[in-house]
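Protein chains in written order, with our numbering: chain A, 4 to 283; chain B, 6 to 431.
It should be emphasised that the hints constitute simulated quantities derived from the structure, not laboratory data. As the structure is a computational prediction, the values presented were derived from the model and not from experiment. There's no promise every hint is true.
To be verified - In the DSSO-like style, the derived pairs of lysine-lysine whose C-alpha atoms are separated by at most 27 Å in a straight line are:
1. 144/B x 46/A
2. 15/A x 106/B
3. 8/B x 15/A
4. 13/B x 274/A
5. 42/B x 274/A
6. 212/B x 144/B
7. 41/B x 191/A
8. 13/B x 277/A
9. 106/B x 277/A
10. 41/B x 15/A
To be verified - A short, non-exhaustive set of chain B residues, derived as facing chain A with CB atoms under 7 Å:
11. 101
12. 115
13. 124
14. 135
15. 139
16. 341
Beta carbons are placed, not taken as given, at the ideal position from N, Cα and C, and that holds for glycine.
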Amino acid sequence: MSNDNITYIEAKNKLFSVNFRELFRYRDLIWLFVKRDLVNSYKQTVLGPIWILINPLLSTTVFTVIFGVIAGISTDGVPPFLFYMSGNVLWSFFSSNLNKGSSTFLSNARIFGKVYFPRLVMPIANVIFNFINFALQTVVYIILVVVYALMGTGVHPNLMILLTPLLVLQTALLGMGIGLIVSSITTKYRDLNILVNFGISLLMYITPVVYPISEAPLGLGTVLLLNPVAPIVETYRYAFLGSGAFHWVYWLVSLGVTALILLFGLVIFNKVEKNFIDTV
Amino acid sequence: MDKDCVIKTEHLTKRYTLGVIGSGTLRRDLQSWYAKKRGREDPNRRIGAREYEKGEIFTALENFDIEIKRGERVGIIGANGAGKSTFLKLLSRITSPTEGKIAYRGRIASMLEVGTGFSGELTGRENIYLNGAILGMTKAEVDAKIDEIISFSECETFIDTPVKRYSSGMFVKLAFAVAAHLDAEILIMDEVLAVGDMKFQKKCIAKMRELAIDENRTVLYVSHNMSTIQELCSRCVVLEHGRKVFDGEVDGAIKLYLGGENDELYSFEYVDDKYKEKVRRKLLNLTRAKFFGRTSSWFYDDEQVPLELDWTYLEDVERLGLRVEISDIRHYPITAFVIENAGGGKKGESQTLQLRLDISALAQGTYCVRYVFFTCANRDAKPESVEIAAGLTIRKRLRTEGDTRWQKSWGSVVSKGVEIVGNENN
Numbered sequence: 004m005s006n007d008n009i010t011y012i013e014a015k016n017k018l019f020s021v022n023f024r025e026l027f028r029y030r031d032l033i034w035l036f037v038k039r040d041l042v043n044s045y046k047q048t049v050l051g052p053i054w055i056l057i058n059p060l061l062s063t064t065v066f067t068v069i070f071g072v073i074a075g076i077s078t079d080g081v082p083p084f085l086f087y088m089s090g091n092v093l094w095s096f097f098s099s100n101l102n103k104g105s106s107t108f109l110s111n112a113r114i115f116g117k118v119y120f121p122r123l124v125m126p127i128a129n130v131i132f133n134f135i136n137f138a139l140q141t142v143v144y145i146i147l148v149v150v151y152a153l154m155g156t157g158v159h160p161n162l163m164i165l166l167t168p169l170l171v172l173q174t175a176l177l178g179m180g181i182g183l184i185v186s187s188i189t190t191k192y193r194d195l196n197i198l199v200n201f202g203i204s205l206l207m208y209i210t211p212v213v214y215p216i217s218e219a220p221l222g223l224g225t226v227l228l229l230n231p232v233a234p235i236v237e238t239y240r241y242a243f244l245g246s247g248a249f250h251w252v253y254w255l256v257s258l259g260v261t262a263l264i265l266l267f268g269l270v271i272f273n274k275v276e277k278n279f280i281d282t283v
Numbered sequence: 006m007d008k009d010c011v012i013k014t015e016h017l018t019k020r021y022t023l024g025v026i027g028s029g030t031l032r033r034d035l036q037s038w039y040a041k042k043r044g045r046e047d048p049n050r051r052i053g054a055r056e057y058e059k060g061e062i063f064t065a066l067e068n069f070d071i072e073i074k075r076g077e078r079v080g081i082i083g084a085n086g087a088g089k090s091t092f093l094k095l096l097s098r099i100t101s102p103t104e105g106k107i108a109y110r111g112r113i114a115s116m117l118e119v120g121t122g123f124s125g126e127l128t129g130r131e132n133i134y135l136n137g138a139i140l141g142m143t144k145a146e147v148d149a150k151i152d153e154i155i156s157f158s159e160c161e162t163f164i165d166t167p168v169k170r171y172s173s174g175m176f177v178k179l180a181f182a183v184a185a186h187l188d189a190e191i192l193i194m195d196e197v198l199a200v201g202d203m204k205f206q207k208k209c210i211a212k213m214r215e216l217a218i219d220e221n222r223t224v225l226y227v228s229h230n231m232s233t234i235q236e237l238c239s240r241c242v243v244l245e246h247g248r249k250v251f252d253g254e255v256d257g258a259i260k261l262y263l264g265g266e267n268d269e270l271y272s273f274e275y276v277d278d279k280y281k282e283k284v285r286r287k288l289l290n291l292t293r294a295k296f297f298g299r300t301s302s303w304f305y306d307d308e309q310v311p312l313e314l315d316w317t318y319l320e321d322v323e324r325l326g327l328r329v330e331i332s333d334i335r336h337y338p339i340t341a342f343v344i345e346n347a348g349g350g351k352k353g354e355s356q357t358l359q360l361r362l363d364i365s366a367l368a369q370g371t372y373c374v375r376y377v378f379f380t381c382a383n384r385d386a387k388p389e390s391v392e393i394a395a396g397l398t399i400r401k402r403l404r405t406e407g408d409t410r411w412q413k414s415w416g417s418v419v420s421k422g423v424e425i426v427g428n429e430n431n
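Using the sequences and the accompanying hints, generate a full structural model.
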């Protein structure tokens with residue numbers, strides 16, 4: 004018999020008590036949940052994981068037709084398909100993190116009610132699952148960027164690409180942070196659950212996903228960039244395509260906001276996870 | 006916490022708010038909060054509801070103190086709503102206490118409805134890993150035990166089939182196998198075995214005993230099935246309305262839970278209204294049962310039980326028979342003493358009967374006694390039971406142990422009629 008650690012369970016807990024060591028001990032569980040989600044997503048489908056790639060390609064095509072061809076929104080001289088794909092891939096990574104994260108408590112109430120494991124395992128597994136999808140899509144995206152660049156069609160990948168891992172991490176944490184907050188509140192107020200789906204699609208329109216920030220009327224661009232997702236999407240696009248600009252002040256603000264949201268998310272999640280099963 | 010102590014709780018209390026929790030929408034909660042702040046009446050209160058009724062509180066567990074030592078097998082029994090599951094939920098950290106604290110040493114493997122972590126699309130093998138990880142095992146630990154788990158689960162043939170095609174029995178078997186092979190110091194089980202077949206249930210109980218005795222694990226077991234409690238546990242706690250009412254030997258706990266009276270009695274008068282319903286009165290009226298010449302219900306070694314019954318006839322009875330039935334505390338019959346000619350008499354007459362019961366074959370423990378009076382109109386007719394009365398409790402204890410210490414799980418009757426008729430060394 005090896006394990007002799009004493010665990011204490013008390014009525015009151017500290018405000019911030021995320022047990023990272025315990026989380027690390029459960030790393031195998033995180034991977035198994037990711038694997039389970041992958042298997043569940045594409046079991047008994049004909050095309051299987053190819054859907055991960057079909058989805059963004061289809062929606063990018065739709066964006067290109069509607070916003071590029073029909074509405075005729077400028078893409079700063081970048082091939083429209085690449086322009087929309089850049090925004091689309093990163094946005095769907097953000098929105099799926101937020102969306103799945105925000106139903107952490109409600110959709111896992113059954114298993115949470117039967118067995119204990121660190122509840123943060125679930126949102127983390129979500130993010131990793133979404134990241135795998137995102138990574139596959141990014142591979143296709145990068146291939147397209149290289150092809151377009153070699154064809155000499157105004158695509159200028161630059162050194163800012165080195166910043167993209169940080170951007171991706173930020174997207175993940177921001178989406179998860181908001182998700183944690185929403186998830187914690189929905190255990191009591193279901194209203195928010197309805198609001199989330201609606202809110203995500205609204206948020207997309209104030210984020211430069213289907214238009215460049217330069218297209219916004221003067222003054223409005225500044226306001227739009229205060230949306231923490233906006234500088235991430237802009238910078239990401241700038242790095243690969245060389246269109247737009249790197250608004251580093253806004254990006255720093257966005258980083259700060261991300262950190263705050265994540266911290267607040269962890270605190271409230273931590274508070275709710277202890278007793279949510281009694282109220283859910 | 007002592008070195009030997011594995012679980013310790015102090016003033017553990019859990020309260021729930023009854024009724025609808027909150028109004029479920031943010032607007033109304035804000036409204037209520039704002040009204041309260043201004044000292045106005047809550048606009049969302051039910052009309053006619055008094056202030057203190059609004060958040061009525063249900064105490065599921067109150068001031069529960071317990072200390073459990075390494076290697077103990079503790080049964081927890083009590084009626085529905087007594088707080089058994091609440092305790093296990095607090096211990097397995099599914100919800101947290103309102104007051105008080107718990108300290109435990111090592112890991113807890115909780116089997117509250119095993120198999121909840123199973124994912125239908127994954128195969129049995131994949132689910133073993135998933136479920137193991139949910140219970141806190143690492144992949145390496147599962148790797149080391151996977152063959153053992155699969156063979157214990159009896160699901161070898163189907164192990165690479167998605168578990169959504171499993172029967173519910175197979176499901177539980179697989180889940181139990183995973184949980185039982187977890188290297189946890191503390192095992193918690195809540196009625197999990199109900200789904201498996203009898204053979205598998207036996208196997209599980211045996212496995213739990215083995216883990217507790219051989220490997221010094223601590224087992225907490227909640228069940229309504231008294232025979233599994235008796236088979237598995239070395240100590241038993243009875244809960245009633247969230248409070249601990251008994252903590253000690255298993256027999257005593259079960260007796261208390263099943264509502265046994267007459268516990269310490271050596272004489273009992275059937276006069277109290279409460280006991281009238283226990284006696285069916287048609288032919289006679291049982292007035293008293295006692296162990297004559299005794300002052301307790303304890304009997305030692307080969308002592309015989311001196312039983313005296315008093316009754317009054319309500320009708321003329323020609324030939325009365327009496328059966329003294331002995332059952333264990335779960336009211337599972339063990340044996341009976343049949344007296345064909347216990348007497349007879351005219352209406353209004355009284356009778357006193359003195360018997361000596363030989364209980365030398367009974368193992369030590371607590372037994373219930375029941376008196377069944379019957380009439381035998383003629384020799385061939387089936388005796389007809391007329392009066393049945395719950396009787397005194399017999400408690401047997403051995404002052405001197407034999408060569409082998411009798412185990413409760415071997416049975417309640419000590420058989421002695423065995424003779425070695427051949428024994429050769431070849």
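**Message:** Can you confirm whether the C-alpha distance between residue 41/B and residue 191/A stays at or below 27 Å?
**Reply:** 20 Å, holds
**Item:** Interface hint for residue 124/B, Cβ within 7 Å of any Cβ on chain A
**Value:** 5 Å, holds
**Pair hint residue 144/B and residue 46/A, alpha-carbon separation not exceeding 27 Å** = Holds. Residue 144/B to residue 46/A sits at ~24 Å (cutoff 27 Å).
**Message:** Under 7 Å is the threshold here; is the Cβ of residue 135/B close enough to any Cβ of chain A for the hint to stand?
**Reply:** 5 Å, holds
**Message:** Hint check: residue 13/B vs residue 277/A, CA-CA at most 27 Å. Holds or violated?
**Reply:** With a Cα-Cα distance of about 20 Å, the restraint between residue 13/B and residue 277/A holds, given a limit of 27 Å.
**Request:** Mind checking the alpha carbons of residue 41/B and residue 15/A for me, to see if they're no more than 27 Å apart?
**Result:** Status holds; Cα separation ~26 Å.
**Prompt:** Measuring from the C-beta of residue 341/B to each C-beta in chain A, is the shortest one below 7 Å?
**Reply:** Because about 45 Å separates residue 341/B from the closest Cβ in chain A, which is outside the 7 Å limit, the hint is violated.
**When the least beta-carbon distance from residue 139/B to chain A is tested against 7 Å, hint result** = At about 6 Å, which falls below the 7 Å cut-off, the nearest Cβ of chain A leaves the hint on residue 139/B intact, so it holds.
**Restraint status (C-alpha distance of residue 42/B to residue 274/A at most 27 Å)** = 24 Å, holds
**Request:** Take the C-alpha atoms of residue 212/B and residue 144/B, compute the straight-line distance between them, and say whether it is at most 27 Å.
**Result:** The hint holds at about 23 Å.
**Prompt:** Given the hinted pair residue 13/B and residue 274/A, is their alpha-carbon gap at most 27 Å?
**Reply:** The given pair, whose Cα atoms are some 24 Å apart, holds under the 27 Å limit.
**Item:** chain A contact restraint for residue 115/B - C-beta distance below 7 Å
**Value:** With a minimum Cβ separation of about 6 Å from chain A (threshold 7 Å), the hint on residue 115/B holds.
When the structure is compared with the earlier hints, a violation turns up for hint 16 alone.
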